[in-house]
Amino acid sequence: MEHIPFSVGNEGRQVFWNTEHFELWLFLFTFVALGIFAYGIYRRWQMWAAMGKPEIRWDDTKERLKLLWRDGFLQVKTFKDPYPGIMHGLIFFGFVVLIFGAAFDATEFHITEPFGVAFLRGWFYLIFSFTMDLFGLAVLIGVLMALHRRYISRPDRLSYRGESDSTADDAIALLLLLGIIVTGFVIESLRIHVTRPSWEVWSFAGYALSKAFAGVPAETAKAMHAWTWWIHTFIVLGFIAYIPYSRLLHMITVPANHFMQNRKPVGTIEPIRDFENAESFGVGQLEEFTWKQIFDADACTKCGRCQDGCPAYLTGKPLSPKKLTQDLKTYWLEKAPAAVMAKKLADEPARWPYLGKKWPILNTVDFILDFLLAKTKGVPAGAPAEKALVGEAIELHELWACTNCMYCMENCSASIEHVPKIIAMRQYKVLTEADFAPELQLTYRNMENNSNPWGVGSHLRGDWAKDLGIKTLAEDPNVEYLFYVGCSGSFDDRGKKVSVAFAKILKEAGVSFGILGAEESCCGDSAMRGGNEYLYQTLAQANIEVMNGYGVKKIITTCPHGYNALKKDYPHFGGNYEVYHHTEILADLIAKGRIKLKKSMEGVFTYHDSCFLGRYNNIYTQPRTVLGAVPGMKLVEMERNLAKSFCCGAGGARMWMEEEGQRINNTRAAQAIEVKADVIAVGCPFCLTMMSDGIKDNKKDEEMKSLDIAEIVWKSMDLEEEPEPVDVCAAPAE
Amino acid sequence: MNIVACVKQVPDTEAQIKVKPDGSGIDEGGIKWVMNPYDEFGVEEALKMKEKFGGDVTIVCLGPARAMETIRTALAMGADKGIHINDPALENADAYTTASALAAAIKGVPYDVILCGQRAIDDDSGQVGSVLAELLGIPQVTVVTKVDVDGQKVKVVRPIEGAQLVIESSLPAVVTVTKGLNEPRYASLPGIMKAKKKPVDVKDAAALGISADAKAKVGKFIPPPARPPGKIICADDTPEGKAAEVAKLLREEAKVI
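Those protein sequences? They're chains A and B, same order as listed. Under our numbering, the letters of the first sequence match residues 1 to 734, in that order. Under our numbering, the letters of the second sequence match residues 1 to 257, in that order.
In case anyone wonders, no lab produced these hints; they're calculated from the structure. All clues given are correct.
One-sided excerpt, in silico: chain A residues whose CB lies under 10 Å from chain B: (1) F275; (2) E276; (3) A278; (4) A434; (5) P438; (6) L440; (7) Y444; (8) N446; (9) N450; (10) S451; (11) G455; (12) V456; (13) H459; (14) L460; (15) N532; (16) E533.
If we take Cβ atoms under 10 Å as the criterion, some of the chain A residues that face chain B in the derived model are: (17) V430; (18) R445; (19) G457.
By construction, the Cβ of each residue, glycine as well, lies at the ideal position given by its N, Cα and C atoms.
Work out the full structure, taking the sequences as your base and the hints as a guide.
In structure tokens form, the structure reads like this:
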């Protein structure tokens with residue numbers, strides 16, 4: 001084989017080789033394509049700006065730019081899912097490099113070369129050629145992976161209940177990408193075939209492909225080259241022009257959405273401040289969302305990551321976060337043109353960026369296009385949609401199926417916020433219309449009258465602690481921690497056992513704590529997430545008044561719902577506390593050696609992540625650390641765990657509602673059965689109930705059980721004889 | 001069509017009832033007061049009639065100052081106005097005095113139907129609706145689970161043991177209602193806010209021109225004896241054996257069969 005030196009110094013290529021005469025035409029067409037692109041963005045911008053309440057999502061720009069870098073450029077959220085992450089990464093980073101390459105070419109050709117400086121020469125050119133081919137191939141592989149995924153392997157997430165949601169737009173976008181890369185390589189290989197410089201072996205892909213043209217006469221090859229060059233050019237320009245009118249717009253909306261992503265604690269809901277004078281609460285009409293909430297819908301690429309772990313969707317409920325977002329988008333697209341028109345007419349004087357009357361030519365173009373498009377669509381431009389948002393565009397069954405588990409938001413690669421929209425629409429149904437499930441009405445009445453969802457007499461709240469010698473803050477306010485017990489821990493028989501176990505551990509460890517007893521109120525989480533913000537605030541204020549009255553500073557909860565509400569939502573109303581979940585306290589007590597776990601626990605344990613602990617509050621390690629400290633513990637993970645954990649089905653007020661069809665808790669319990677667990681360890685009373693019921697419904701209650709981590713720890717501390725089961729029919733002892 | 005709904009404020013069904021040491025009444029400390037659940041069915045039915053036929057729904061309530069909350073609750077559900085009979089002299093009113101106060105208040109408003117709960121869950125007397133009808137000199141249909149108003153007549157369903165009576169009455173009439181009639185609505189938030197501004201007339205015995213003297217007086221309140229512990233049937237392990245034992249105990253010890 002002929003020896004090829006790495007670089008002799010004169011390697012390079014002529015830009016516009018064989019297409020020297022096309023340069024002017026290229027500029028002309030590029031100008032047209034960019035014009036179509038810019039006009040599309042301008043029209044879309046009008047639509048984004050036309051509807052919704054104001055919301056500022058560009059404060060603290062520096063931090064937001066970091067988020068843009070992390071999620072927009074480094075694609076951290078996209079890579080969380082391997083196949084689609086790599087697929088998208090190959091296309092994205094491939095194009096980033098190719099665009100930089102094209103920019104190098106253009107810089108040399110138009111800027112430096114006229115001054116006699118050609119930098120794409122020699123070894124730099126060789127590396128450049130190699131890199132461009134490499135990343136071109138990367139895009140090709142990425143596009144082929146995407147085509148395979150969308151049209152051959154077809155995972156469920158690209159559909160809604162098996163009904164594919166692929167449209168012509170998806171195919172066009174992928175074929176344009178494929179066309180750009182294939183024609184690009186063909187052009188390169190034809191050029192190499194004709195010019196045959198030995199160094200082009202560095203353009204390894206084009207070089208290899210050029211062998212395919214062996215024997216083609218130079219003149220034929222040149223003609224083919226020129227034709228392919230034009231095809232390539234038109235696909236590229238077509239691609240650019242197509243962006244604002246297609247799913248490709250996500251190249252703009254998704255990074256924008258990453259930049260504008262929520263920076264408040266996960267799951268915080270902006271409180272309603274004016275109950276007295278408002279006529280309507282929550283969101284009953286599209287324009288009652290903020291513009292950002294509407295923009296979210298436009299950023300959705302229907303990738304289906306949200307749907308993949310949605311407990312409602314996976315158990316056959318009508319809800320899919322993807323469908324919800326897409327339905328909102330469709331609804332917005334129906335309503336936006338009329339809103340744009342109304343805004344144009346109202347904006348006097350017109351101001352940027354609505355352009356309005358300052359731009360008569362642009363407005364005339366808008367008008368003519370609207371007129372022409374209206375003919376093709378059969379809908380007069382500006383005709384408002386007749387459908388109602390809540391109940392029609394979004395069905396009530398969808399709205400109420402959500403468990404607020406946060407899977408969708410945690411896993412969305414476009415930073416879309418589904419849950420606050422659902423809560424806002426629930427608020428409309430509950431507060432404005434008072435039209436919602438009767439069983440939830442009963443729950444709310446119980447919370448109103450007795451400050452707990454079961455409606456047990458509120459005077460019984462502290463009774464679980466009667467025989468334990470625990471003081472209330474009324475008896476002794478000088479304690480380090482308030483143990484906020486919550487409703488389950490106070491009224492539910494199963495929950496009370498957890499309270500007792502945890503209180504005994506605290507006493508044993510010598511932790512200074514007290515409870516509120518009958519002065520405690522429901523935390524209100526179920527009311528808030530079920531749309532009853534008014535009831536929630538009443539309950540929160542009652543708690544805050546009592547807690548602030550005692551000067552409470554540190555709080556421990558055994559319920560993640562109370563934990564989340566007290567920690568993140570009570571500060572809105574002047575309740576500022578250091579809040580700990582009991583698994584955090586237990587981990588700390590074990591680490592400091594203040595409690596000793598002695599008794600070995602037999603059997604296989606699996607830990608079920610509570611949504612309000614994990615995804616809401618990032619507490620994944622502490623419960624596992626505590627379990628890891630239990631002697632003899634064999635801990636196995638279920639397939640869906642940590643940030644991808646599967647909800648028990650009780651969040652978002654679902655605990656109190658009837659469930660249709662396949663039950664979420666049974667599905668989760670079955671996942672624990674799959675890993676042959678003997679015990680499902682939990683850190684949440686809702687999960688505890690749901691898992692216990694799920695075990696029963698799976699007919700495994702003989703061999704399996706569900707325990708709270710506090711119960712496991714207390715057993716392992718081995719300080720108390722386990723009471724023998726009482727034989728009620730045994731002869732009375734003498 | 002104008003409808004009157006009578007309501008009473010009672011302790012929540014889950015409230016802890018403690019008799020005062022001197023037996024003069026119950027200790028009201030810590031009690032959550034609510035609308036008598038049977039009266040809630042009446043209010044709901046009144047609102048349904050209003051939705052169907054139009055007209056006004058007036059809430060009439062006898063009780064101390066705190067009873068205003070219950071009137072506001074009914075107004076939040078959608079009633080139009082209220083009459084609050086508040087007089088310390090009426091604190092120990094019996095069923096007759098209560099009915100005469102309600103009758104005097106109702107005489108001042110136009111009505112076609114008067115709805116009452118079949119009884120209040122606190123004193124369980126179940127007489128007010130009937131006495132009210134007598135005092136007003138109009139027909140009464142009591143303890144009903146279905147109400148159909150048709151112009152000049154009302155047709156109701158009253159369940160009796162093993163059957164149900166369908167009764168028709170001319171209007172105006174008093175209808176006392178029970179569970180099963182409807183599901184009382186949850187008040188909307190705009191409803192709650194608007195209720196604060198709806199008119200409520202407060203009247204005392206003098207304004208109504210009635211005597212506050214009760215015909216029946218409560219001598220003393222005595223708490224019920226503590227419930228004895230339950231009994232677990234162990235004698236025989238078979239369901240048949242246990243059933244026989246239960247029957248025996250019900251006959252011999254409890255003397256109920």
